[in-house]
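**Q** All chains should be modelled from the sequences, with the hints used to inform the complete structure.
In order, the protein sequences belong to chains B and V.
Read in the working numbering, the first sequence has 510 at position 56, and its numbers run on one by one without any break.
Read in the working numbering, the second sequence has 491 at position 465, and its numbers run on one by one without any break.
Hints in this document: simulated from the structure, not taken from any laboratory.
In silico lysine to any residue, SDA-like type, Cα no more than 20 Å apart, as pairs:
#  : chain 1 : residue 1 : chain 2 : residue 2
1  : V       : 619       : V       : 684
2  : B       : 470       : V       : 65
3  : V       : 128       : V       : 248
4  : B       : 470       : V       : 71
5  : V       : 415       : V       : 159
6  : V       : 583       : V       : 627
7  : V       : 61        : B       : 485
8  : V       : 677       : V       : 651
9  : B       : 470       : V       : 63
10 : V       : 677       : V       : 667
11 : V       : 587       : V       : 629
12 : B       : 470       : V       : 72
13 : B       : 588       : V       : 72
14 : B       : 470       : V       : 62
15 : V       : 223       : V       : 315
16 : V       : 47        : B       : 514
17 : V       : 61        : B       : 486
18 : V       : 297       : V       : 263
19 : V       : 47        : B       : 512
20 : V       : 47        : B       : 513
21 : V       : 587       : V       : 688
22 : V       : 61        : B       : 492
23 : B       : 470       : V       : 66
24 : V       : 111       : V       : 431
25 : B       : 470       : V       : 57
26 : V       : 128       : V       : 439
27 : B       : 470       : V       : 59
28 : V       : 677       : V       : 615
29 : B       : 470       : V       : 58
30 : V       : 619       : V       : 662
31 : V       : 111       : V       : 98
32 : V       : 61        : B       : 490
33 : B       : 470       : V       : 60
34 : B       : 470       : V       : 69
35 : B       : 534       : B       : 558
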Amino acid sequence: MAKIPTTLQSKALIAKPIGIVLPIQNGNSGFFNQSYDTLTQVKNNIINLLNTRQGERRFQPTFGTRLWNLVFEQNQDTLKEQAVNIVSEDIASWIPNVTVNDITANLLTNTQIASNADIYMLQIAVTFTVNLTKQTDTVLVTIKNTTM
Amino acid sequence: MATTIQKSFQPGSKEVRYLNKDFSSFRENLINFAKYYYPSTYADFNDAAPGMMFIDMASYVGDVLSYYTDYTFKEGLLYNTTERKNIIALAKYLGYTTSPAKGATGTIDVYQICPSTTDSNGNYVPDNNYALSLQENMQVSNNVGSSFLTSTSLDFSVNTALSPLTSSVYQRDSTGVPTFFLLQKNVNIRAGRLVTKTFTIGDMQSYLDLYLDEDNVLEIINVTDADNNVWHQVDFLSQEMVLTDIPNTDSNQGILSLYQGTVPYILDYLKTSRRFTVNVDENNRTFLEFGAGTDGFADEIINLSSQQVGVGLSNLNNLNLSLDPSNFLKNDTYGLAPSNTTLTVTYTVGGGFESNSPSNSIINIDSSTTNNTLDGLTPEQSALLNTVKTSLKVNNSVATVGGAGPESNDMIRQNAIAAFAAQNRIVTQDDYLARVYALPAKYGSIAKAQIITYNSLDVNQNQILTGTVDTNNVATVDNANTQNYFRKIAFDRSNPFSVNLYMLSFDENGNLTQANEALVTNLLTYLRRYRMLTDGINVIDGYIINIGVEFVITAFKGYNKKDVLSNCITAVQNFFAIDKWEFSQAINLSALKLEIAKVDGVQTVVSLDIINKTPLTTNGGNYSPVEYDMAAATQNDMIYPSLDPSIFEVKYPNTDIQGTVM
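**A** Here it is, written out as structure tokens:
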């Protein structure tokens with residue numbers, strides 16, 4: 455078996471940081487805590503996208519999700535379908551390197567959450583696959599009035 | 027433990043652009059920068075990546091900074107600036123101060139009734155003892171609230187061509203004898219009403235700003251302090267010289283007081299440390315800015331000399347000192363700052379479009395001050411004078427015009443550029459002419475002027491003098507010569523760059539005459555402030571060539587020959603109206619014939635002759651002594667004037683124009 459040159463060995467062992475993970479905080483190398491694998495980074499990107507309202511990002515007014523507009527919608531039967539459609543379209547638009555496998559939206563009431571919490575919340579669960587690595591994971595995002 | 031990352035930026039390996047302007051270009055370059063220099067530190071450049079948020083934020087800051095850099099630069103250019111505050115500041119830098127409003131101007135008829143008396147011939151005439159003498163700034167108004175002030179004083183006892191008086195019988199007694207006359211005179215008015223505001227000033231404060239309440243201030247009339255010291259308005263605070271009026275009286279002006287009738291004031295320079303500038307802010311509020319408070323010399327009337335310009339300057343050791351010819355007496359002390367006193371500011375407010383008042387609308391007298399006193403009058407005379415005073419009426423037979431609101435930003439720009447181009451000084455011949463004609467009337471009336479920039483006179487004196495030049499161009503110094511057979515001259519200096527200013531004035535009948543010494547003195551003082559330092563000015567009387575017109579016409583049948591002839595004479599009178607004539611203007615005989623031929627009823631112009639009128643040819647008539655060979659000067663139906671500036675004048679249009687109908 456051919457021997458791997460020492461320099462290549464060391465390069466392969468050292469994982470390269472990809473991006474910054476949420477929540478933003480100090481990391482072990484450099485200023486911020488960073489991700490070292492694609493799945494983690496994509497997951498953070500989806501969280502970042504779904505937590506950003508359209509118009510919130512400076513000079514990128516279309517970046518973000520329209521999900522937050524649902525807070526002011528009437529709580530009717532089609533609300534969940536609307537949320538699923540919006541998340542699906544926004545992820546396809548801004549994170550094209552993933553495939554969304556499933557999106558579920560659940561309305562939580564005060565009987566399902568801890569005491570003293572909000573009465574109504576919308577929980578979005580996005581199950582996705584990274585196109586490059588074929589890895590799959592799920593992201594949970596909760597929309598409630600205090601996060602507006 | 028923090029890790030130090032060593033990075034070397036290799037010249038030429040990656041372009042670092044400093045010309046990015048907007049978010050996109052900043053963002054693109056930051057991404058490229060990170061990809062090139064930090065490939066092992068950051069790799070996710072998806073828009074949704076949290077790290078991209080920082081690149082977006084940095085790009086945003088860059089975009090905003092670029093915007094403000096551009097904006098700051100833009101606001102520093104007069105043509106591009108949009109903020110009114112900056113436009114006003116830049117205009118001020120170019121020497122132009124905007125005005126919050128413009129007031130309309132016009133003329134009003136002023137009426138009074140006047141008791142009659144008899145003259146030495148027994149004719150009934152107005153009694154001048156009851157002719158009112160009104161001070162300037164009489165306030166009048168229309169019925170919609172626009173106020174106006176008279177620009178000059180008005181004396182009903184004076185009747186001259188420049189200030190004519192119209193009188194008619196106003197009332198007769200039962201026997202038909204006139205008991206009262208109605209007197210009427212005209213006076214110029216300008217929009218505005220007088221406002222007085224006092225400011226209590228405490229401790230000295232350099233560059234004190236005093237804001238006036240109104241946003242339509244038209245003019246600062248005067249500023250005085252508690253000790254009755256007058257504070258003078260200047261263009262800029264380093265200007266310590268102001269022009270001031272001195273009444274042309276026997277005690278003040280000596281020989282010049284001979285001409286006090288036509289030149290009531292003599293101009294002079296006053297050196298003062300009590301001065302202020304007038305400024306307008308972006309909200310059209312007017313404020314006065316006073317000096318730094320570092321000098322305090324007494325006010326002093328001075329004549330400009332090398333002592334004043336050279337060794338008199340406190341900063342003479344600066345040999346590269348630039349001397350502004352519009353004001354070369356200045357220093358770096360910026361005048362006094364008022365302290366522990368009360369300043370009384372009198373100013374006018376008003377104007378605007380609403381001051382454009384239609385005819386016959388200005389009929390109210392709000393306030394007036396007369397010089398007529400009751401001293402020495404009997405109770406009956408006092409009562410009569412009071413009756414006369416209450417009879418004062420006004421009316422504007424012509425609409426007032428020129429009123430406007432605050433200048434728009436574009437107007438300020440254009441006016442500032444014009445002011446900068448003019449530089450408030452005289453350089454070209456047109457500058458000289460404009461400035462000569464701009465001499466305020468109270469310093470004398472200039473009828474005609476012409477500038478020739480080369481000095482054709484053989485004069486070697488190098489001091490200020492007056493004298494005469496005879497027909498052979500031989501100059502004689504004579505400071506007291508009043509004969510009109512010679513041309514009076516005033517040489518500022520012997521200077522190869524001298525300009526010759528030929529001018530004439532109007533006499534009391536509106537005819538051309540030579541300017542008197544008082545007028546010349548005022549003019550030289552006035553021009554001195556504006557002329558270039560190296561310019562010399564020779565003021566010389568222009569030649570007056572008095573002429574008469576004789577013509578013969580034939581008339582069509584069916585026309586009244588007398589009417590046709592009268593109309594022809596009127597046409598010729600209009601042709602030679604002195605307002606239409608300038609120095610060195612030739613007589614176009616063809617045009618004159620055409621004017622006559624255009625009169626209704628004229629069939630042909632048989633002959634047309636222009637005759638030189640002199641005391642010799644008219645047996646001692648009161649004409650100009652200048653004899654001019656009209657035949658020699660006539661070529662191709664044009665009568666050319668002399669090379670030495672002269673002007674044709676029909677002195678007596680009613681008698682010097684004669685026509686015949688065949």
